[in-house]
Amino acid sequence: MWWPLNGTDNGTLRMSITAILFLAVLALCVLGYSLARNRALAGAGGDRRLLHSLPTYYGTNAAMFTAVPALGVMVIWLLAQPMMIETRVQGMIPASFIDEGSSIGLVMNDVRRVADGLDLAVKSGGLSADDARKLSANSDVRGMLADRGVALGSDVKPEVLAAAQTYRSAAATGRMWMVVVVMGLALIGFAIAVSLSKPDFRARNVVERGILALLMVAASLAILTTLGIVLSMLFESINFFRVHPASDFFFGGSWAPNFRGDSDLSILPLLWGTLYISLIALTVAVPIGLFAAIYLSEYAGPKLRAVAKPLLEILAGIPTIVYGLFALLTVGPALVRVFGRGDEGLLGVEWMSGATAVLTAGLVMGIMLIPFVSSLSDDIINAVPQAMRDGSLGLGATPSETIRQVVLPAALPGIVGAILLAASRAIGETMIVVLGAGAIAKFSANPLEAMTTITTRIVSQLTGDTDFSSPETLVAFALGLTLFVLTLGLNVFALIIVRKYREQYD
Amino acid sequence: MNTMRLTESAVDTDIKITAKDVQVYYGDNHAIKDVSVEIQDKTVTAFIGPSGCGKSTFLRCINRMNDTIDVCRVQGDIKIDGEDIYDKRVDPVQLRAKVGMVFQKPNPFPKSIYDNVAYGPRIHGLAKNKADLDDIVERALRRGAIWNEVKDRLDAPGTGLSGGQQQRLCIARAVATEPEVLLMDEPCSALDPIATAQVEELIDELRKSYSVVIVTHSMQQAARVSQRTAFFHLGNLVEYGETGQIFTNPVDPRTENYITGRIG
Ligand SMILES: Nc1ncnc2c1ncn2[C@@H]1O[C@H](COP(=O)(O)OP(=O)(O)OP(=O)(O)O)[C@@H](O)[C@H]1O
Ligand SMILES: [Mg+2]
Numbered sequence: 001m002w003w004p005l006n007g008t009d010n011g012t013l014r015m016s017i018t019a020i021l022f023l024a025v026l027a028l029c030v031l032g033y034s035l036a037r038n039r040a041l042a043g044a045g046g047d048r049r050l051l052h053s054l055p056t057y058y059g060t061n062a063a064m065f066t067a068v069p070a071l072g073v074m075v076i077w078l079l080a081q082p083m084m085i086e087t088r089v090q091g092m093i094p095a096s097f098i099d100e101g102s103s104i105g106l107v108m109n110d111v112r113r114v115a116d117g118l119d120l121a122v123k124s125g126g127l128s129a130d131d132a133r134k135l136s137a138n139s140d141v142r143g144m145l146a147d148r149g150v151a152l153g154s155d156v157k158p159e160v161l162a163a164a165q166t167y168r169s170a171a172a173t174g175r176m177w178m179v180v181v182v183m184g185l186a187l188i189g190f191a192i193a194v195s196l197s198k199p200d201f202r203a204r205n206v207v208e209r210g211i212l213a214l215l216m217v218a219a220s221l222a223i224l225t226t227l228g229i230v231l232s233m234l235f236e237s238i239n240f241f242r243v244h245p246a247s248d249f250f251f252g253g254s255w256a257p258n259f260r261g262d263s264d265l266s267i268l269p270l271l272w273g274t275l276y277i278s279l280i281a282l283t284v285a286v287p288i289g290l291f292a293a294i295y296l297s298e299y300a301g302p303k304l305r306a307v308a309k310p311l312l313e314i315l316a317g318i319p320t321i322v323y324g325l326f327a328l329l330t331v332g333p334a335l336v337r338v339f340g341r342g343d344e345g346l347l348g349v350e351w352m353s354g355a356t357a358v359l360t361a362g363l364v365m366g367i368m369l370i371p372f373v374s375s376l377s378d379d380i381i382n383a384v385p386q387a388m389r390d391g392s393l394g395l396g397a398t399p400s401e402t403i404r405q406v407v408l409p410a411a412l413p414g415i416v417g418a419i420l421l422a423a424s425r426a427i428g429e430t431m432i433v434v435l436g437a438g439a440i441a442k443f444s445a446n447p448l449e450a451m452t453t454i455t456t457r458i459v460s461q462l463t464g465d466t467d468f469s470s471p472e473t474l475v476a477f478a479l480g481l482t483l484f485v486l487t488l489g490l491n492v493f494a495l496i497i498v499r500k501y502r503e504q505y506d
Numbered sequence: 507m508n509t510m511r512l513t514e515s516a517v518d519t520d521i522k523i524t525a526k527d528v529q530v531y532y533g534d535n536h537a538i539k540d541v542s543v544e545i546q547d548k549t550v551t552a553f554i555g556p557s558g559c560g561k562s563t564f565l566r567c568i569n570r571m572n573d574t575i576d577v578c579r580v581q582g583d584i585k586i587d588g589e590d591i592y593d594k595r596v597d598p599v600q601l602r603a604k605v606g607m608v609f610q611k612p613n614p615f616p617k618s619i620y621d622n623v624a625y626g627p628r629i630h631g632l633a634k635n636k637a638d639l640d641d642i643v644e645r646a647l648r649r650g651a652i653w654n655e656v657k658d659r660l661d662a663p664g665t666g667l668s669g670g671q672q673q674r675l676c677i678a679r680a681v682a683t684e685p686e687v688l689l690m691d692e693p694c695s696a697l698d699p700i701a702t703a704q705v706e707e708l709i710d711e712l713r714k715s716y717s718v719v720i721v722t723h724s725m726q727q728a729a730r731v732s733q734r735t736a737f738f739h740l741g742n743l744v745e746y747g748e749t750g751q752i753f754t755n756p757v758d759p760r761t762e763n764y765i766t767g768r769i770g
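Quick mapping for you: the protein sequence lines, in order, are chains L and X. Going left to right, the first sequence walks through residues 1 to 506 as the numbering used here numbers them. Going left to right, the second sequence walks through residues 507 to 770 as the numbering used here numbers them.
Some hints here could point you the wrong way.
From the structure, some residues in chain X lie toward chain L, with a derived Cβ separation under 10 Å [stated by the list, open to error]:
# : residue
1 : Lys594
2 : Leu601
3 : Ala603
4 : Lys604
5 : Gly606
6 : Asn613
7 : Phe615
8 : Arg628
9 : Ala680
Here are the in silico distance ranges between beta carbons for each label pair [as the list claims (entries may be wrong)]:
#  : chain 1 : residue 1 : chain 2 : residue 2 : range
10 : X       : Asn654    : L       : Ala219    : 49 to 59 Å
11 : L       : Leu495    : X       : Ser542    : 30 to 40 Å
12 : L       : Glu313    : X       : Ala703    : 52 to 62 Å
13 : L       : Val73     : X       : Gly669    : 22 to 32 Å
14 : X       : Asp540    : L       : Lys303    : 44 to 54 Å
15 : X       : Asp641    : L       : Val349    : 14 to 24 Å
In silico lysine-lysine, BS3-like type, Cα no more than 27 Å apart, as pairs [said to hold, decoys possible]:
#  : chain 1 : residue 1 : chain 2 : residue 2
16 : L       : Lys500    : X       : Lys611
17 : X       : Lys594    : L       : Lys303
18 : X       : Lys604    : X       : Lys714
19 : X       : Lys617    : L       : Lys500
Hint data in this document are derived by calculation from the structure and do not stem from the laboratory. For glycine and all other residues, C-beta sits at the position ideal for the given N, C-alpha and C.
Go ahead and model the full structure; you've got the sequences and the hints to work with.
If you want it as structure tokens, here you go:
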């Protein structure tokens with residue numbers, strides 16, 4: 001791959017050019033800083049009071065002008081160049097060349113390996129750059145590359161070699177142009193900023209705007225990555241709906257993937273399992289978490305609170321896979337002992353056969369969510385002004401009347417928000433259900449039966465032998481997107497409610 | 507209520523509240539030092555003094571609101587009707603039903619105006635039925651001098667009122683539970699002159715049945731509404747006596763300086 005931080009030697013080579021370029025720009029930056037600073041000071045005759053801005057601002061301004069456009073272009077170049085070369089080289093490979101059962105992706109893999117191998121050979125000195133360029137397919141390219149530690153699956157065909165050569169030359173040209181453009185930009189920025197550094201130049205305001213831009217870039221990156229994730233999921237989902245009817249996905253009744261190509265892939269049984277387990281989890285987590293929060297914020301003394309709060313929050317830091325093990329090894333067998341095993345069981349009934357069940361996963365997920373609910377609710381309850389409690393206590397209400405009738409109603413929107421956030425975590429939770437819920441997709445109201453969820457199915461559809469064109473694999477993206485929309489909707493709803501609540505007091 | 511009643515002496519001189527050698531500490535901060543005072547029934551008593559001298563703190567001792575502050579310690583004894591309110595057997599909740607309080611900052615609950623006023627009566631079961639409760643609410647709102655402004659929107663949230671309206675709502679809320687003693691911490695600091703006059707009228711009316719203690723920064727207000735005045739300074743009770751005497755003929759030079767505006 002053409003990624004600058006790739007581990008292959010070829011990548012290291014390219015990274016070193018990139019790194020040298022980067023260091024050069026930085027050096028120019030430092031130079032610009034001191035030059036602009038001193039020039040501004042000299043312009044004011046050494047009296048910094050005559051400057052519009054502090055001297056460091058002139059320096060920062062020059063560094064900014066030098067580095068930001070140059071490095072920005074460099075980053076974009078590094079991202080865009082491989083994609084453009086890929087498309088060009090791909091176009092060179094005739095469709096007839098692709099064997100039955102192979103794909104353009106596999107051929108491109110070969111091309112890249114050959115190109116990388118040649119680069120490696122040149123670098124290690126086994127091959128002159130000229131020879132590498134003139135290499136013909138008749139010579140034993142495969143054997144030669146094998147000596148350099150690059151193993152190829154089959155003999156190199158002339159088309160592949162030609163493509164690899166184009167690949168190499170395009171990469172070399174691109175690299176050269178990148179160096180020229182980036183250094184050019186850096187020098188232009190450097191020159192402009194240094195020449196601008198006169199005492200009446202408003203360097204401070206320019207730097208301020210630069211910082212503003214930096215912050216905006218950071219903010220939009222966060223949003224853009226989310227958008228990128230959604231779009232990539234969306235494209236794969238569209239691919240899925242091309243090969244599988246959407247009506248079956250959304251309204252079908254069963255989930256039964258197979259390899260004959262007539263799978264039933266409906267989300268409904270999975271959604272049912274997901275919602276059922278989440279509901280049990282919330283039934284456990286909400287009352288316990290809320291009561292814990294009320295106790296901690298309203299009744300517990302400062303010493304107890306100082307100990308108990310961090311302890312509860314440690315629970316929130318346990319990796320969910322550990323909860324999953326807990327479900328599989330402790331809670332599940334315990335439930336079987338109560339509800340299963342016939343006459344040997346505690347209740348003497350035979351309702352539960354295996355440790356994996358909706359109840360197992362739900363209970364453990366509830367335990368996982370307790371600290372989440374309690375620490376959010378605790379913050380919200382603490383945000384209710386003390387004056388509100390004083391007012392109620394001053395009228396002769398007991399502490400619990402005060403909590404029920406004043407504190408909780410005042411905190412209710414926030415608490416509802418906390419519960420919705422917990423719900424969206426429950427819906428998206430994976431490890432606990434993978435280990436605790438089982439793998440059977442069905443509609444059943446019996447919590448002692450194994451069921452499965454959207455997240456576990458995504459995991460199982462994408463592990464093992466995967467072929468990214470079959471509906472059985474692509475369905476994972478449609479499932480993921482649905483899950484995303486579901487939790488996003490819950491989160492947005494929760495945030496709206498929480499925000500509305502904030503407005504009441506601030 | 508602009509008539510000066512300096513000459514009018516207390517109608518009834520029964521002692522309602524007796525405080526003896528009261529000390530209050532916030533952690534290491536000694537906020538009230540050796541305060542002893544006797545507050546009469548059916549009288550308006552004004553607490554005056556510079557900011558931070560402990561007026562609110564002492565007021566909060568009388569209904570044990572200081573219990574809610576972790577760092578606060580109260581020593582000495584305070585008796586209401588001869589009963590020590592800091593005794594272990596006394597339930598602070600019942601005490602506070604008997605000794606109502608209006609706080610320095612208006613603190614309506616985030617409920618409707620109606621529910622704000624009905625809060626106390628509901629908790630203490632004062633109303634026999636809905637009509638009875640309606641009556642109690644209306645009477646309280648009238649006494650709080652806010653009925654005319656809110657009678658058409660009793661279902662609107664109490665937090666949506668203006669600051670002065672909120673304060674009068676809190677006064678209505680406090681009188682709705684029919685306390686025997688009403689503690690008012692600067693009830694008029696957010697009110698316009700008209701509402702202030704109405705609240706002062708209310709205080710004067712409450713005096714017929716209750717004992718009222720009011721903290722105020724307005725000398726004129728203390729002079730207008732109270733029969734007795736206590737002057738606090740740096741946690742000490744400097745002087746306590748007939749309002750007329752405190753304002754016309756103070757014994758302690760600190761009182762005189764404060765009243766004439768030389769310290770504060
Ligand atoms: N909750 C508290 N925690 C710690 N110290 C407090 C607290 N409340 C009051 N104090 C301290 O007690 C002293 C008296 O405060 P208090 O509120 O009684 O004054 P005040 O006379 O009511 O003043 P103001 O006229 O400004 O309302 C002050 O020094 C204050 O810092
Ligand atoms: Mg005060």
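- Item | Structure-inconsistent hints, enumerated in ascending order | 1, 11, 13, 14 and 15
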